[in-house]
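Undergrad: So the chains spell out like this:
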Amino acid sequence: MSDQRLGTNFINRQSFIELDARERAAALFDAGTSRELVGPFDRMESPWLEQQGVTPQEDDGCVVMKGKIAGQAAVVIALEGAFQGGSLGEVSGAKIAAALDLASADNVKGISTSAVILLETGGVRLQEANLGEAAIAEIMASILVLRRHAPVICLTAGTVGCFGGMSLAAGLCSYVVMTREARLGMNGPEVIEQESGVDEFDSKDHALIWAIDGGEQRYAMGLADALVDDDTPQIANAVRGLVLKGAPPVYRSSQVALYRGRIATLDTSRQWDPGELRVLWATKSSTEEKQ
Amino acid sequence: MTEHTLVRGTVWFRALTGQASSMSGDPKSVLTADSPLGKEQARFLCVVPDPNARFPCARHGEIGLEEGYTLAARVREVMQQDKNKTKRPIVAIVDAKSQAYGRREETAAIFLACAAAIDAYGSARLAGHPVIALIVGQAISGVPLTHGYQANRILAFDDDGVVIHAMHKAAAARITRRSLEELEQLAKKIAPMSYDIRDYAKLGLLYKLLHVENPEKPSEQDIRNVQDELVGAITDARRGSVDLSNRLESKGALEMRKASLLVRSRLEAQWLEN
Amino acid sequence: MEHIELDYPAKRRISKKAHIGVVGSGDLEVLLEPANGNSAHVSIRTSVDGFSEAWKAVLDRFFTTYDGAVRIQINDAGATPGSVQLRLAQAVEVSEQ
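Protein chains in written order, with the working numbering: chain A, 1 to 291; chain B, 1 to 274; chain C, 1 to 97.
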């Protein structure tokens, strides 16, 4: 999937990153086909935050919308990065898993339904710890079921990026779409610096962070399927293309022999320039493991 | 709370299989064995410390790049071997420090290594293998997600040395900008934040909390009891569905995850409108 | 955590509800819904304690030019009075589209 430059120059771009979760989700649908489910007026907020002095948000930082993309049924689930860092709590986690399960049920009924998950998240919401973690495990289980029927597309655009437990969920998805501004990684730079020291990872080194976790790097390593500009029409188009493409022939997370082999040949005696892995991993992935 | 020495994984792997080694070609940090459990063979898997691991940030009981892909490979091997046979149970014995925190790990996409293990465990469950997680010690952050949480049934020891959580205490206190005492106070009144396994058990995620006399030096009786419980969990798993719906049907879920249940039913009702 | 409840007289019927904003640091969300009767009720929930006077001042000022019979709910995480005014104005705009 190439990055599609439709002649959009910087001035004409409509920034996707500047949109909030609700606006981002709405932008991906065919015009006039979407409606929000369990929105703010349903007041399904976190039962755990207020007692800790944290103001809840009525949608718990997760927007679920149903409609059509490229004429096909689709559900879009968007995490609000500005609310608690997009972290997963009991309610936001339940919304994601339930939406994926309902999409699976529709597929079983013969209504081909894809899912697009917009991930701006640091992972588990610590104020809900074990329920956030449990919810993420349930989301992962739901992705594994749905992806057999229809594409599950992960989109991370920034500025928060996709970290923590949800980066593992991204690894299970059918497709991953990233902007250059986005990042995808399990552990954030501050956590690594904290756990393993500043020599291991200087969390103030922005160039290093994007060199390792950034969209361009992940795409070049073959870990993302599309690299898009921060431009809403371009992003919506990329998503449309993937919905129409259908399920991929193999899933990255199922290609164990390939990646195991790649890890085995790495020289662990030194740190690497991330550019080295672009070269090493740029070869076409094998088709040895289907599904 | 007892000091965590990460010996329990090896202790219980040996207790349940009579072995304590990795398979040929695998890193020493992943123990794998096929061993009788009840009336059948089961595959047992455990991640343990390997001070000589290739990756410097994965030498003290962390789940890193090698561990994630090795778990995935050994689980998929079972799926392949049992393709046209009875689906063998897969038992994940869990006592690991955390995921590996390192630059090499992020560069080489540890998120995908963990996803590979999750994919394998979850796919095995969906294929009909009873997948059981036995938490004998620590299961924090990336550890339970990668190695255990895709199980049909989760069992844990009722013991202070068993800690299941999203983040180690010190780091959690730092990130939420609270003192350790404040965090502990909060954890007492908010069950999902608790570091106490008995509070965790209230959440309805566990199939059973097991009493074991001596988790670090189990007696023959301890071992037999745990084996019986594992067999019980396997039987129960085979009776139920291959998805994780049992977690939301438990007594604990009905009491502690009301919001999850309400959200699910509200979403379903609104999905069908129009 | 503080809860502040305020009431104002109102007479105009409103037909459309509106939701604006995000509970980000220094921001707030506003839920505005039509209400029956002749009054408007405002429920504020804020994680920044000790500013009830300031809240009252902002809402008093808002209702000098707004007469809709509404229920307004505010979830706040430390917004400035200027931001609150802006969000209220945005909510009104959406409800009158």
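Among these hints, one or two may not hold up.
Stated by the list, open to error - The list that follows gives simulated cross-link-like pairs (lysine-lysine, DSBU-like), each with its CA atoms no further than 35 Å apart:
#1 A/Lys245 x B/Lys83
#2 B/Lys28 x A/Lys109
#3 B/Lys258 x C/Lys17
#4 A/Lys109 x B/Lys217
#5 C/Lys56 x A/Lys68
#6 C/Lys16 x B/Lys258
Claimed, not checked - Pulled a few chain A residues facing chain C out of the computed Cβ check, cut under 8 Å:
#7 Val54
#8 Glu80
#9 Trp272
Honestly, the hints are just simulated from the structure, not real lab data. This structure is a prediction, so every number in the text was calculated from the model and none was measured. No residue lacks a Cβ here, since even glycine has one placed at the ideal position from N, Cα and C.
Undergrad: Does each hint fit the structure? Answer for all of them.
TA: Evaluation of the provided hints:
1. A/Lys245 x B/Lys83: 29 Å, holds
2. B/Lys28 x A/Lys109: 47 Å, violated
3. B/Lys258 x C/Lys17: Since the Cα atoms of B/Lys258 and C/Lys17 sit roughly 28 Å apart, the hinted pair holds (cutoff 35 Å).
4. A/Lys109 x B/Lys217: 53 Å, violated
5. C/Lys56 x A/Lys68: 44 Å, violated
6. C/Lys16 x B/Lys258: Satisfied, since the Cα-Cα distance of roughly 31 Å is no more than 35 Å.
7. Val54: 6 Å, holds
8. Glu80: Nearest chain C Cβ about 6 Å off; hint holds.
9. Trp272: 36 Å, violated
Hint violations for this structure: numbers 2, 4, 5 and 9, all remaining hints satisfied.
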